[in-house]
Amino acid sequence: MDTREKDIEKLKDYKYGFTTDIENIKAPKGLNEDIIRFISNIKKEPQWMLDFRLKAYERLKLLKEPNWQKPKYPKIDYQDLYYYSAPKSMNDKPKSLDELDPKLLETYKKLGIPLQEQARLNGIAVDAVFDSVSVATTFKGELTKHGIIFCSMSEAIKKYPELVKKYLGTVIPVTDHFFATLNSAVFTDGSFVYIPEGVKCPMELSTYFRINASQTGQFERTLIIADKGSYVSYLEGCTAPMRDENQLHAANVELIALDDAEIKYSTVQNWYPGDENGKGGIYNFVTKRGLCKGKNSKISWTQVETGSAITWKYPSCILKGDNSIGEFYSIAITNNHQKADTGTKMIHLGKNTKSKIISKGISAGFSDMTYRGLVDINSKAKNSSNYTQCDSLLMGNKCGAHTVPYIKNKNFDSNIAHEATTSKISEEQLHYCQQRGLNPEEAVGLIVNGFCKEVLQQLPMEFAVEAQKLVGISLEGSVG
Amino acid sequence: MNEQLQLDFDKIIKTLKISEKEIQLKKSFLKKFIENGFPNRKQEDWKFLDISQIIKKNIGELSFFNDYSLPNKIDPSIFVDGLEHNKIIFINGRIEKIDFNYEDRNQIEINDEIGKNITFDYENSLIDLNNAFTNKVYKILIKKNYSLKKPLIIYHSTNNKIKSKNVNLSLNFELEENSCLRLIDYFSDNTDKNFVNILYNFNLKKYSILKNYKLDKFRNNNLKYSFNNIEQDDNSISETFILSAGSDYFKNEVNCNLNGEYSSAFINGIFSLKENQQHEIRSTINHLVENTKSYQLIKSVLGKNSKSAYQGRIFVDSKAQKTDGYQLSKAILLDETSEFNAKPELEIYADDVKCSHGSASGSLNENSIFYLMSRGLNYQQSKELLINGFLLDVVEKITDPEIRNLVKNIIGLKE
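Residue numbers (my numbering), protein chains in the order written: chain A, 1 to 480; chain B, 1001 to 1415.
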């Protein structure tokens, strides 16, 4: 095989593994106060934002990188990373989609999200984050009619400083853990969503993240506020090109649901997982936290995690308002040398709060998968309940599946139920499928999809199809 | 505290007749303990109940010196009635009597193993403390094909002659092929505010059976820590039952290594707690070879201001195919101030396994109470009946009928 063919072969494995040749502006390598000032300056941020960043940086100096997680990784040299990388043509921000760099648009086409067409056809508004800068937000007009704000974070800082000031850092404070604080100091862009009182967002909002440049960390920050009685469903997808080195992705996502509001947040994460020998891949260390601030509010997390060399995240719900509901649906698939340590935290503070956790973990190859979750019912959270189910499926005896739930019940009125099982695909099931004409891989795909059904059902239609395919692709070559 | 430790240690060394080598060994354990101190909540295994804080709050400063050259008087009133048994009597940190009157003495070997401390790979500073201060390590060996006719009861007792605030006991058991031992740990305390630290090691050879029952029923203000390490060979069975109800604080740790095929381990436990009691069970089952089995059932009934924690870990090695692991923990919270914590953990590296765990906690079911009250019971009676049934479930798991009845009597459970 000549090199070209090899490249094509490689691309088949990870179909999002292309890079786009676009000139980038990068901040110099390293992390220090000047870099933070540089980022803030280049984004023409107001003083309060810079102060926010510097406060986080001061705190960061005192913090140590956590080390309790199951997947260990080589030490990251934070001084050897680029903290800002933007496509050059973004310097003069385009006013509309037509003005975008055609190469950028091409990239999104390859990703399967032709912004114009898909957005118009599907009625999904897309905000695409390329390396660190938000490129374009489609469907603005339609959203503005309803008073919905859906724009990049940097735009929101300029246009809606009052909203950003009021809510940014209220769920994930700058003094949180190491990666969250790092993000607070150096975040470059992300999405901002505000749904006004009583508005049901008429379409799915969506963001696509992509890391293009090498040696960059991607630090995006998303803030979603659902005002009283509103509803929004938000989707997030991620890809990155294939590179030999590991890249860091440390995002912060904050959700705030006020009285009677509902936020549904779905993620399909397909960062580059590294090659079959475990070389390269993304470190996905993300902090996602939702606050059910008002009464009767609801936050629901759905995630399909198939990518990344290491996934380390716990999308959580703080159920502060009375009668609030938190849900977490997750499928995590690891293959080859991938590692995942993921789960959720449900913190019950208000009365009559309910939470539900459904987690499905599938590990194959040499991978390692951990579900780690916390259910904490506070003494004031009368009459609350939680139901947790976490199932693991193992393929082969070189991989591992672990469950580490923490259960704290401080309220005698409340109920917690937790179940976990670990099993493998039985020979019988496989035999049955093969008898009916499926090949072994199709059979596994079918059984796994059945195993994940409860979670896949939670995804919006357009994503469910993609996710189902992704489940199949991720497990290719793991049987036989 | 460190000065006190050193001072008391030197005093003890003077009263003991042991060789220089043994002194050095003990010194090394003391040094390790002083370096690490008591475990605290920063350590994952001690996350729920922080023993260093509890000692500070309940006892204050510990002291460690006891003159082990002087015997203690045995008070026969502590003995269990209605059950013929062998005895080991342990008073104030000193083993006073070992009595195997019902057995064929040729089949049991008891050796005083000075200098042969029980050590493990894992970091646990309380084991270091035990090894530094324990008076004598006995090894009890049950010979091939011998089943003890009567159960062995170890009486853990303290009385007002005790000088220190800490007592340590360390025993090493070996069960040879096809032997059987029924062992009851029976706690009766007449003193307050001591920290009792117990370390057992069991070595189970092929086809041997160990049944260990830990009965801590009588209300006392002592703090207790017990660590059982069980090594199991092919086809061996271990059964551990823990009644955790008497002390202010009691943490039972059971570490079980299933090294031989077709070996199985059962751990069942009851927490029945009231005012300010804080108890914990932590079990670790390591499935290391094929065709092994484990089962754990832990139930808690928690009254005012009490707190219980269960940490159960099932580890399955990649070699250990066809493992069967099951774990269930349930809790009833009776009061708004009671608290239940659980961490049921699975760590699995083999694919052909059946492992599951479940955990549930909540208050007594109002509907069931209503049902019983509509049939003429009053509120209190209905509650008691439900709790009775809830706990009986665990007691029924005890395989030895004699001991099952004893435990039922002790707890006051009706059938």
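Don't read these hints as lab results, they were simulated from the structure.
Misleading hints may appear alongside valid ones.
[What the hints assert, rightly or not] Straight line, CA to CA, 16 Å or less: simulated EDC-like cross-link-like pairs of lysine to aspartate or glutamate:
1. A:K410 x B:E1336
2. B:K1206 x B:D1233
3. B:K1143 x B:E1123
4. B:K1354 x B:D1317
5. B:K1322 x A:E427
6. B:K1354 x A:E427
7. A:K453 x A:E466
8. A:K44 x A:E142
9. A:K70 x B:E1044
10. B:K1354 x A:E419
11. A:K398 x B:D1317
12. B:K1042 x B:E1103
13. A:K382 x B:E1336
14. B:K1047 x A:D376
15. B:K1383 x B:E1366
16. B:K1136 x B:E1239
17. A:K228 x A:E262
18. A:K380 x B:D1335
19. A:K398 x B:E1123
20. A:K424 x B:D1352
21. B:K1205 x B:E1239
22. B:K1150 x B:E1103
23. A:K351 x B:E1336
24. A:K380 x B:D1067
25. A:K295 x A:D259
26. A:K345 x A:E327
Margin query: Checking one constraint from the list: CA of K1047 of chain B to CA of D376 of chain A, max 16 Å. Satisfied?
Written below: Within the cut-off at roughly 14 Å; holds.
* **Agreement of K351 of chain A and E1336 of chain B with the hint, judged by alpha carbon distance not exceeding 16 Å** => 14 Å, holds
- Query: When you check the alpha-carbon spacing of K380 of chain A and D1067 of chain B, does it fall within 16 Å?
  - Reply: The hint is violated at about 51 Å.
*16 Å limit on alpha-carbon distance, applied to hinted pair K398 of chain A and E1123 of chain B*: 28 Å, violated
- Query: CA of K228 of chain A to CA of E262 of chain A, is that 16 Å or under?
  - Reply: 9 Å, holds
query = Keeping to a limit of 16 Å between CA atoms, is the pair of K1354 of chain B and D1317 of chain B held or broken?
reply = With Cα atoms ~13 Å apart, K1354 of chain B and D1317 of chain B stay inside 16 Å; holds.
Next on the checklist: Check whether the Cα positions of K1205 of chain B and E1239 of chain B lie no farther apart than 16 Å.
Outcome noted: OK: K1205 of chain B and E1239 of chain B at ~15 Å, within 16 Å.
| field | 16 Å limit on alpha-carbon distance, applied to hinted pair K1150 of chain B and E1103 of chain B | value | 8 Å, holds
Checklist line | Satisfaction of hint between D1233 of chain B and K1206 of chain B, Cα-Cα up to 16 Å | finding: 5 Å, holds
| Satisfaction of hint between D259 of chain A and K295 of chain A, Cα-Cα up to 16 Å | 5 Å, holds
**Asked** K1383 of chain B and E1366 of chain B: Cα distance at most 16 Å?
**Response** 10 Å, holds
Quickly compare the C-alpha distance for K382 of chain A and E1336 of chain B to 16 Å and report which way the hint goes. Distance of about 9 Å is within 16 Å: holds.
Of the numbered hints listed earlier, those contradicted by the structure are 3, 8, 12, 16, 19, 24.
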